[in-house]
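Protein chains: 2
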Amino acid sequence: MATKTESRTGLIDTDIHERVMYEELLPYLEQPWRRYITDCHWIQEKHMPYTQPAVAGVDRADARVPDGRPAGTDLGFMQEQLLNPNGHEAGILTGALDPSPSSMHGWYEMATALASAYNDWQIDNWLDRDERLYGSVQIAAQDPAGAVREIERVGTHPKMVQVLLPLDDILWGDPYYHPIFEAAEKHNLMIGMHHNEPPVHYGKWPRYFIEWHTLIPVAHMNQVTNLIFNGVFEKFPNLKVMMIEGGFTYVPFLMRKMDQQYKDLRHEVPWVTKKPSETVKEHFCFTTQPLEEMTKKEFLQVIDQMGSEDIVSFSTDYPHWDYDSPTEALPPGLDDTFVRKMLSETARKFYPKLPQKEG
Amino acid sequence: MATKTESRTGLIDTDIHERVMYEELLPYLEQPWRRYITDCHWIQEKHMPYTQPAVAGVDRADARVPDGRPAGTDLGFMQEQLLNPNGHEAGILTGALDPSPSSMHGWYEMATALASAYNDWQIDNWLDRDERLYGSVQIAAQDPAGAVREIERVGTHPKMVQVLLPLDDILWGDPYYHPIFEAAEKHNLMIGMHHNEPPVHYGKWPRYFIEWHTLIPVAHMNQVTNLIFNGVFEKFPNLKVMMIEGGFTYVPFLMRKMDQQYKDLRHEVPWVTKKPSETVKEHFCFTTQPLEEMTKKEFLQVIDQMGSEDIVSFSTDYPHWDYDSPTEALPPGLDDTFVRKMLSETARKFYPKLPQKEG
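Going down the list, the protein sequences come from chains A and B. Residue numbering for the first sequence follows the working numbering, beginning at 1162 and increasing consecutively. Residue numbering for the second sequence follows the working numbering, beginning at 1162 and increasing consecutively.
Errors might be hidden in some of the hints.
Which copy? The list can't say, so a pair holds if one copy fits it or any two copies do.
Simulated crosslink set (BS3-like; lysine-lysine; CA at most 27 Å straight-line) [what the hints assert, rightly or not]:
{"hint": "1", "residue 1": "1435", "residue 2": "1457"}
{"hint": "2", "residue 1": "1424", "residue 2": "1320"}
{"hint": "3", "residue 1": "1442", "residue 2": "1457"}
{"hint": "4", "residue 1": "1458", "residue 2": "1320"}
{"hint": "5", "residue 1": "1458", "residue 2": "1514"}
{"hint": "6", "residue 1": "1365", "residue 2": "1514"}
Simulated from the structure, these hints should not be mistaken for lab results.
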C-alpha cells in the first residue's frame, strides 16, 4: 500500500530474523549435546503444521542467499539486501531458531544448551561482525534456573538489548518468571515477546495458517493483560516489554477494555496501582509489522485511540514473506516528527543499550 | 458514565439470564438421570475457579428474589425489576445452566438429557408465561447427534429464536458442527455464542477473574475468525451468529486484520468468496454489554471503524453484576435513529422469529 516516500535514514529496525543452520551450532555445543545432533539421528522439530503461506515458505523468495542457503543465514547478503539500501542505523536480531528451544518440553537441559550455543553463535557471527546489529538473549522458558544463568552469562554483552522470552503454557504474570525478570532488569535488558506458539483455543493450532496468522495478536493480548493484572510492573518497575510482530491495531481495544475492568474489579487485584492503559504506555512498546494497509486517517485514528505516539516502533520483519518496507509500509503524509519517532527515536528510548546519540 | 436519557420503550433486550434451580429440572428428566440427581449425591459443577467479582457473586445484589432464591430464578420478580420498568418489547433468554451441559465431557447422555429438560422447563416457565420472552435452544456440543435431535424437538417452538452453541475445544468452523448448523438453518434459528469457557491460553483459567473477564472477547475473536476462514457461511448462507456478552469494541481490529490476511493469503482458503469484514456485516451481530464507558465521540469512532451501524444490538445482561441499563449505558447525544436500531430494530431484523411489526 501507500505511495513511495523518501528513503529512510537512521532506521532502527526492531525485528530482523537471522537464521542458524543447525550444523553451525556444533562448535558451540558441549558433549553430550553435540553428539546427539551428529550421531543420534537428530531431527529438527517442525514449527508449524501448515502448508507454507508463500512460495518460499515463510520467507521472501528473493531473500534466499545466492549460494542456495535459506533466507537470513548470511550476514553479507543481509547487509546487501536490507541494511545498506535502507540506511539502517541499527537492527535488533530476534532469531529464528526453528523451533525455539522452548518447544522441547521434555528435555530441559538440551533446550538450555541449544539456547546457549545459539547466543554464542549470534555474538560471533552477527553482533561482533556488524556494528549496526544488536541481539536478543535466547533462553529456554521451561528451565528458569538455566535461563537466569544464560542471562547472567551473555546479558552483559554490550550489544545484547533484550531477553527473548518464549511463550509457554504458563502466562508471563506468573511468579514462575520472576527470577527471569529480575535477571533482565539487573542487566538493563528489556523483555521481547515474539509469538512462538498457537495463540488460540486450548493450545491447539487452528486448521489454516490464515487463521493462526490473523489471531497472533491474541497471544499478545493474553500476555499484556496477564502481566499487568498480576502486578509484574509494580514488582519490577524498570521492566519493559517489546511486543514483536503482533502489530498494534489491537491495542486501543485492549486499553479500553482493561481500564474498564480495572474500574469495576480492581478490588480483586489491589497490587495494581495504576490504570492499565497508563502502564501500557509506560512499560510496553509495539513493533509495527505486520502493518495492515491503512489510510493516513485510519492510521492516525488508531494512534489517537492509543493515546500516545510514543509506543509504536517500526520493524521490517526481514526476511519473512510479509516484510514491511520502511519506505512503503507507512501511509504517506504522516507528520515527519512522528515518522522519525516510529523509525528510530521510540526504539532508541526503549532500549537503553542502543546508541543514545543519533548517528 | 453517561447522563440519564429518556426511558426506552420498545426495547429488544438480547441477553437476559434466567436461572434454574436444579430441583426444578427433576419433573422434566427421565430415569436414570433423575435418580442420579436425587439419589446419587449429584454435585453441581462449579463454573469458575475465582472469588466472585461482586458482593452477590456474578449477580446484582438487588436482583436476589425477595424470598431468598438466587437472581434470575423468578419470572414475577424479573417482570417487576427488569421487563416492566424498562419497557421491554422483547427479551431473549440466554440461560444460566451452571455449568452449561457442555462442560460434562465424560457423560454425553446426561449432558443431553439436562439440556433437554432445561429446554422444556424454559418453555413452560418462561416462554409460555410472558409473551415478551423468547428462548434459546440449549444443546450439548459434545453430542452433536443429540444436539440435532434437540433442535428438531424444540426448535420449532414459535418463541425459540436461536441455538445457544456451547464452546468446546473444537472451534466452530470445524465440519464437526455442520449437522448442528444445518438443523438450525432448517428451523430459521440463529446461532448464539455466549462464552462458557476460559478464553485464554491452553484452555487454562488465568489467575484472576479480572483477567478472564478482560479477555472474554478473545473467545469471540477465535470463533469469528474460524467460522469465516473455514467457509461456514458459503456452506450455510442463511446462518447468522449473535455474539453475546463479548461487546463490540474489538470488532474494528478483527475486521481490519482479517481483511489484510484475506488479501495476502486467500490462496489458502479458496472457498472463502468474500472479504471477511463484509461477511461480518452480513452474518454477525454483536450485543453491547459489557459496554465500556465511552464518550459519544469515542463510541461513534468505533462504529465508524466497523463500517456499519446495523450490527450492534443492545443487551442488559440482567441480572449480572455488570448489568447495563438501557437508559444509562449508552453515551448521551447519539442520533435517535441509531439508538432505535441498537435498542430494537437491529435485533428484530436479526431474529426472524421476533415480532416483525413494531408494537
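Evaluated hints:
no.	hint	verdict
1	1435 <-> 1457	between (32 Å within a copy, 25 Å between copies)
2	1424 <-> 1320	neither (41 Å within a copy, 38 Å between copies)
3	1442 <-> 1457	both (22 Å within a copy, 24 Å between copies)
4	1458 <-> 1320	neither (37 Å within a copy, 45 Å between copies)
5	1458 <-> 1514	neither (34 Å within a copy, 41 Å between copies)
6	1365 <-> 1514	neither (37 Å within a copy, 37 Å between copies)
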